[in-house]
Amino acid sequence: AIQMTQSPSSLSASVGDRVTITCRASQGIRNDLGWYQQKPGKGPKLLIYAAFNLQSGVPSRFSGSASGTEFTLTISSLQPEDVATYYCLQDYNYPRTFGQGTKVEIK
Amino acid sequence: QVHLVESGGGVVQPGRSLRLSCEASGFSFSKYGMHWVRQAPGKGLEWVMFVSYDGAYMKNADSVQGRFTISRDNSKNTLYLEMNTLRPEDTAVYYCAKEKAENGSWVFDSWGQGTLVTVSS
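Chain order of the listed sequences is A and B. 40 is the number that the numbering used here gives to position 40 of the first sequence; each next residue is one higher, with no gaps. Start counting at 1 in the second sequence, then tack on 1000, and there's your number in the numbering used here.
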């Protein structure tokens, strides 16, 4: 199974800060990676698909990038409503595998 | 608007069985693959199983191999997860998720709110 190593496990930043979260795949997955946001007590929500593409309705402060097997989610200006846990998910093959998650808090 | 509602969770003893349901509305259920994903208390997300739009093709995680079965009834717009020989480590919130093809990727574009399964004696 492909392992997705996500970092950091948590972070605290101020409103307006730029935040980056990284996932590294254990093998090549092309750009078959999505980013999901989960708020407490809720199901996850799709933010980014195919590494770079912003899901409809998601604020443009969210963006995705990729370099080889390393994928990055960037929040350009952190907002209070972005407090959540973020997960990457590879859809290159089965079994699908998630990163361990990154909990984002406001400082 | 897509709506996915899971049900059937509860407290069950180790070794027993439970069937979860996911009722779908707001889209053509019979045209989309569906997944189950679970989340143990305080832990991350774990993919569990997939079924194709027509029920002909399935995939599962090693952790549930031979114990869980996924199925669907397109006439009832409902997805199922039959869980047998349950273990304490199966304790989790179980989510159903709709799959969609986007730019060559297979994304989970809609999720339910989840149903909690607790395996305990």
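Please note that the accuracy of each hint is not assured.
[Said to hold, decoys possible] Below are the DSS-like pairs computed for lysine-lysine, each with C-alpha atoms no more than 27 Å apart in a straight line: (1) B/Lys-1043 <-> A/Lys-45; (2) A/Lys-42 <-> B/Lys-1076; (3) B/Lys-1100 <-> A/Lys-107.
[Stated by the list, open to error] Here chain B is said to cover these stretches of chain A; the calculated rule only asks that three of the stretch's residues, wherever they fall, bring their Cβ under 8 Å from a Cβ of chain B: (4) 20-29; (5) 32-38; (6) 91-99.
By construction, these hints were calculated from the structure, which means they are not laboratory data. Quick caveat: nothing in here was measured; it's all calculated off a predicted structure. Where a beta carbon is used, it is the ideal one built from N, C-alpha and C, also for glycine.
> Any hints this thing doesn't respect? Which numbers, in order?
Replying inline: Violated: hints 3, 4.
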